[in-house]
Each structure stands twice: as structure tokens, then as C-alpha cells.
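Colleague: Chain by chain, the residues run as shown.
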Amino acid sequence: MESATMPPPSPARSPVPPGSSPPPDSVRDLRTTLRPIAFLALLGGVAAVFVLELTIGSVRIPPGQVVRYLFGGEVEVAAWGTILRELRLPRAITALLGGAALGAAGLQLQTLFRNPLAGPWALGLTAGAQLGVAMVVATGAVVGSDLLTQFTFFSDLGIVTGAFLGAGGVMAVIASVSRRVSTITLLVLGLMLGFFAQGLVSVVLHFTTETQGRVFASWNDGSFAGVHWEQFPVLVPLVLVGLGLALSIVKPLNALLLGERYAATLGLSVQRARLLALAGAVILAAPVTAYCGPVLFVGMIVPHMARGLLNTSDHRILMPAAMLMGSLLGLSADLVVHLPWERHFLHLNAVNALIGAPVVIAVVLRNRQMRSMAV
Amino acid sequence: MLSIESLSIGYRNRGRETLVSSGIDLELREGELVCLLGPNGAGKSTLMRTVAGMQDPLAGRVLVDGENIHDMPARERAKRLSVVLTERVEAGLLTAYALVGLGRYPHTNWSGKLSERDHQIIVDSIERVGAEDLAHRYVTDLSDGERQRVMMARALAQEPRMMILDEITAFLDLPRRVDVMRLLRRLARETGRAILISTHDLELALRAADRVWLLPKGGSLQAGAPEDLVLSGAFEAAFHSEGVDFDPTRGAFQVHRHFVGEVELVGDGLLRYWTERTLEREGVHVWTGEGASPDVSVSVPLDTTGQWAVSGRGESTRFGLLYDLAQDIRTRFHATDL
Chain A
124 MESATMPPPS PARSPVPPGS SPPPDSVRDL RTTLRPIAFL ALLGGVAAVF VLELTIGSVR
184 IPPGQVVRYL FGGEVEVAAW GTILRELRLP RAITALLGGA ALGAAGLQLQ TLFRNPLAGP
244 WALGLTAGAQ LGVAMVVATG AVVGSDLLTQ FTFFSDLGIV TGAFLGAGGV MAVIASVSRR
304 VSTITLLVLG LMLGFFAQGL VSVVLHFTTE TQGRVFASWN DGSFAGVHWE QFPVLVPLVL
364 VGLGLALSIV KPLNALLLGE RYAATLGLSV QRARLLALAG AVILAAPVTA YCGPVLFVGM
424 IVPHMARGLL NTSDHRILMP AAMLMGSLLG LSADLVVHLP WERHFLHLNA VNALIGAPVV
484 IAVVLRNRQM RSMAV
Chain B
15 MLSIESLSIG YRNRGRETLV SSGIDLELRE GELVCLLGPN GAGKSTLMRT VAGMQDPLAG
75 RVLVDGENIH DMPARERAKR LSVVLTERVE AGLLTAYALV GLGRYPHTNW SGKLSERDHQ
135 IIVDSIERVG AEDLAHRYVT DLSDGERQRV MMARALAQEP RMMILDEITA FLDLPRRVDV
195 MRLLRRLARE TGRAILISTH DLELALRAAD RVWLLPKGGS LQAGAPEDLV LSGAFEAAFH
255 SEGVDFDPTR GAFQVHRHFV GEVELVGDGL LRYWTERTLE REGVHVWTGE GASPDVSVSV
315 PLDTTGQWAV SGRGESTRFG LLYDLAQDIR TRFHATDL
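Taken in sequence, the protein lines are chains A and B. The numbers in our numbering rise by one with no breaks, and the one at position 109 of the first sequence is 232. The numbers in our numbering rise by one with no breaks, and the one at position 18 of the second sequence is 32.
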């Protein structure tokens, strides 16, 4: 056995003189300094793509007219106003909110499960919501959908409730096993639960009429286009509550970066934080899925894009960035979808996959990065 | 400051209790460094977790300044106790500075915003552990030792009354371990905090600790100055096992060997000491001058450029290295016990 010599402790040093400006200059690096610029760029990007969304389409509306309309002015051509009001504005707002919601949900799931590939879709939340919606549609078919369709608002509530129950159910299963299984097992479990739910969806759709089946199928493609003003009173408050909740738990999420055991010794009530983050993810993902159908990849890749841009895991910076990045990605993907193609051939999820799959592959292959992003 | 009153530690599982140790009564004073020692499986980790409030006791209380830490909200407990665990922290894209900043968690508002004072405490904590040059680096890029240092700064920034560190020296090499122990001793003295560490490093603990808590397997915990515990024979009792002896004259473990012979050793100084160690390893005692002189004699050179000479039983040989000497001794005494 080695024998160690212990020199006497050095004499007490005088404590650091107070008043040294925090944090010291050496601590700040370039990216920290550039952070406000990155945020401005994100904001500017979101605004620009938002206006482009309203401008571009089968009918081109000049950006100047779009901006004038947005600020309450009159547009030159009356039809433009109708197009903006009835079609493009609800669609753009949905993409803006939906993207932000999925991005924020993805970030809190990745931190909570310490899993860089977690997200509403990868963990089966989306499929759970799909199943819930299918059940509601099928129930409508069985009891007679007349009642439901007559009161659009209530039928919307029914669909949202279905999505909530489905996503919440899957989340409960995932959460109950998450502490006993490894990162990879959890992902496989989420994906399998997702496939299982989708299998059940097929079974459920057996009991619907052909028309309803078709309606469900088009919903199932995923799109920000189908949402109208009448649905906003349900969608918007839920998403805003979810986003507010996400912003309110940035501190617990930061503590969870150290792992649950450390977080507890820092004074965090881990049970409560888990519950809030899980519920928050459901509140964000379920209504978006209910109205837009399953939107893939956004929740998984947005947190990585935000981390890449800002080079931090600090949720006080990362959470707002993930929301902006989500909006930017949602709007951009939707913009690609509704560019005036000669044929309508691109689906939202196809665009998401084209952007998302390479990002995920990069995350997985850069092993060191994967470790560091095992948030 | 910390007092433990008739504490029983163990596990409670579906109403069934597994007792690990009971009847623990201890005190911990400000500015003291205490090392918890004990063989594997004695319940060191259970005791550490119970004292840290991460696990409930089966009976008894753990009080900090008279308040039971198991009865207070997590946030209040975090203001009194900070913990450094063995587990490697994968903090993602956080700088060491941000990680230390998380130590302010129980003191900040809902958003975790750091005030001027918080920043001062963070800077001070980083300087106290000597991690100034690590502050701007990402935690992922730090070595195990650097990470430990940063985690200690984080524990300091929490401004607790007491710091609890589990197996802090486990993954460090010897110089780093010595370093960490010196640092902890200094922190205890300078900041007036009580520091409790658990360790396997008995020799280091003996040299650095103000007090040792000795937890033998299945026995009751004994506390005292390390020297008192050596003299009372508590160490020998706690660590007694087949083939290993605790040598109270050296304060170290000794691999127990069968006695195969005795030699006369001529020479002195550092070379004599290490020659003796070599002989001991081969199960050969050094003649103390009592009784008949042995028939083999080893003479030590003046410095390492010289040669060791072994004479007796009709042959005399010289060696430039202790390795070769050991081989010769082994064949001379037909020692089979390697």
C-alpha cells in the first residue's frame, strides 16, 4: 500500500476582495457576447418567414400589403384581405405557435429524460394523441356525428380531449418506467408504443364511415393548414399556458441537468418538477397534434438547433430560444409546403423529415456531442 | 453544529426494515474535517445518504443547529447541507462557471437569476478550490479531477453549514488525492464549515482527518481522533481480515506473509528502508539483534549507483536492483508464497 505524506495545510488565504465585477471577463467567451445578436437574428427570422408565409402562395400578395394588413390597414385588393384573414393568417399563426410548442415540449422532455433524442414523437406522445383523436372520431361515427359536427366548438373540445387522454396515457407509461430503463430502451419503448397506438388507430378506423376515414387520413398527414379561427379559443390558450409553464420551470430544468440525485440535494422537489415537465409537454403537444395532426421531428431537432446556435444548456437562454427556433422551423417548413408548386406533392412531415433526419443522424454520429447533449 | 442522535440506518422496503447499523450518536463541530471509514458493505453510503437527508433513517434524528434535517423542506435542507456524489456529472453544454452557479439554487428566485452577490460567491468558491482556469471551460471537457474540483466549488457556492462528500478521492491518482484532502482541510478551517467525507483511503484519512468515524461491518460506529482509534486497537478490529494486517506502528495496511526466514541487514537511510520493504514482501524478517545472528546477510549500498550484496550459506552475490535481490532472496529461502 502506498504511503502518502500530508504536508501541513497552507496558511489561511484572505478571501476574495468584494466588489469584483461578476462574472470575471475571462469567464465570458465570444459566444456569450454574441448571444443577444443570435436572439435578434432568431426574432428577425421568425418575423420575416411569417410575412413570407402570408405573401407567398398561389396568389401572391405584396409584402408591403401584408404588413399593412397586419397593422390594421386596408389592402388594395379586397380578395387579398379575405385570403389573408380566412386562409393564410390562421395557418401562419398555427405554424408559429405549433412550432414553438413542439420545440419547448421537446426541450423539456430531453432534459427530463436526459435523452438527446427524446421528443413528443419519439416518446410516442404524438401517436397516443393520434389514437385519442381516432377514438373520438370513431365514437362520433357510432353515436352519430351529427350532434358533434353541429357544435363545432364541442367537437373540437372532444378531439382535444381525446388527444390529451391519448398523449397523457402514453406519457404515464413512459414516466413510470423511465427511471428503471436505459436511454435507448426508453426510446425503443416510446417508438413501439407509438407503433402500437397506430395499429390501434387502424383498428378503430374500421368502425368509421368512409368519409370520416378520409377526414382522419387527411388530418393524419399533419399540416398547419386545417386550423380556423373558430378553433383558436381552444388551441391558443392551451399552447400559451404550456409555453408559460415551460418558461416557469427553467430553474428546475437547469438543476435536472446534474441528474435527479444532485437536483434533489440542491433543494429541488424532483417529483414535482417531473410532474410539471411531463404535464407541460402533454399540454403543449396534445392540442397541436389534435388540430394539426402528427407533426414529426420538430420537437426532437429544435432543441439541438437551439443548443447549436447558443452553445449552452442553460434553460433560461435555451427555452426561449427553442420556442423561437420551433416557430422558425414550423413556419419555414410550412412555407416550403405551400410554395406555389405546380402540383401539391410535398407534405409537412416530408419537409420535416428532410430537415430533421440529417440533424438526428448528425446528433447520433457525433458521439462526443451525443454525450454532451445527454442533457 | 451537526448532531446525530440515536440514529438507526437501513432500508425500509414494503414495511420490512433492513437494519444496517444502529445506536449512532455523533457530534460534528464547525471547521472540522471528518472522515468516515469502514470496510465495504459496512454501510458507509447508507450513513452518508442518511446524514445528507437523501434517505430517511429507521430511527433517531440528524440535527443541524438543532433542526431535524429530515423534517425540513428540500430547499431549507439545501441551505444547510451540500453534497458531492461519486457519480460523474454529464452537464451538457454548461461551463464550469454555470455549474458552480447552480450551487446558488436554493438561494435564488423562481428563474434562478443570479444577483451581484451570487456572482461574488461563485467567483469566491471557484478561487477557493483553485479552479479559476477551469471557469470558462465546458464541463464535458474536464478531466475527472477537474470535475471533482468544480463540483466542490458548487458545493461551496451553496453556502451550507456542512459539506458532505462521498468517495471524493475514488477516481484520482495519489498526488491528486493528497491535494484534495489538503484542500478540504483548508476549506474546513477557512470557511468554518464542517466537512464529512467517506473514503477508502485509510492512510490519507489518518493523516488529514480531525476525526474519524469508523464503521465496522456489523458493529457499532466508533468516533475519535485517528490516533486515538489506532491506539485503542479499533482500526485493527474494524479492518481485520484474512491475509491483511493493520500495522499500528506505520498506520498502514500490510499484506500478511508467512515467515520464511531472517536476514541481517547492514546499512541505513532511505535505501535501508526500501530494502526492508522488499525483504518484507518476500516474507523475510530483518534480524533485530536478539538471538542468534542469521546466516544470510544483506548489505545496502550508499546510493542507488552502488550494488546490494547478499552473502551467506557459502555464496555471495551482488545486485544493481532490488528486483534482482528479491529474486535471489526468493530462491535462497525457497519461498513459494508469492
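For the record, the hints were derived by calculation from the structure and aren't laboratory data. Nothing here was measured: the structure is a model prediction, and the numbers come from that model. Keep in mind that a hint or two might mislead.
[To be verified] Restraint ranges, calculated between C-beta atoms of paired labels, are given here:
{"id": "1", "chain 1": "B", "residue 1": "S129", "chain 2": "A", "residue 2": "G322", "range": "49 to 59 Å"}
{"id": "2", "chain 1": "A", "residue 1": "V296", "chain 2": "B", "residue 2": "S20", "range": "37 to 47 Å"}
{"id": "3", "chain 1": "B", "residue 1": "S129", "chain 2": "A", "residue 2": "V190", "range": "52 to 62 Å"}
{"id": "4", "chain 1": "A", "residue 1": "R384", "chain 2": "B", "residue 2": "N123", "range": "48 to 58 Å"}
{"id": "5", "chain 1": "B", "residue 1": "D155", "chain 2": "A", "residue 2": "T334", "range": "52 to 62 Å"}
{"id": "6", "chain 1": "B", "residue 1": "M86", "chain 2": "A", "residue 2": "V296", "range": "49 to 59 Å"}
{"id": "7", "chain 1": "B", "residue 1": "K231", "chain 2": "A", "residue 2": "F318", "range": "42 to 52 Å"}
Cβ coordinates follow ideal geometry from the N, Cα and C atoms, glycine included.
Colleague: With reference to the structure, classify each hint as holding or not holding.
Modeller: Outcome of the hint check:
no.: 1; hint: S129/B / G322/A: 49 to 59 Å; in the structure: holds (54 Å)
no.: 2; hint: V296/A / S20/B: 37 to 47 Å; in the structure: holds (43 Å)
no.: 3; hint: S129/B / V190/A: 52 to 62 Å; in the structure: violated (41 Å)
no.: 4; hint: R384/A / N123/B: 48 to 58 Å; in the structure: violated (24 Å)
no.: 5; hint: D155/B / T334/A: 52 to 62 Å; in the structure: holds (59 Å)
no.: 6; hint: M86/B / V296/A: 49 to 59 Å; in the structure: violated (34 Å)
no.: 7; hint: K231/B / F318/A: 42 to 52 Å; in the structure: holds (50 Å)
Violation of the numbered hints given earlier is confined to hints 3, 4, 6; the remaining hints are satisfied by the structure.
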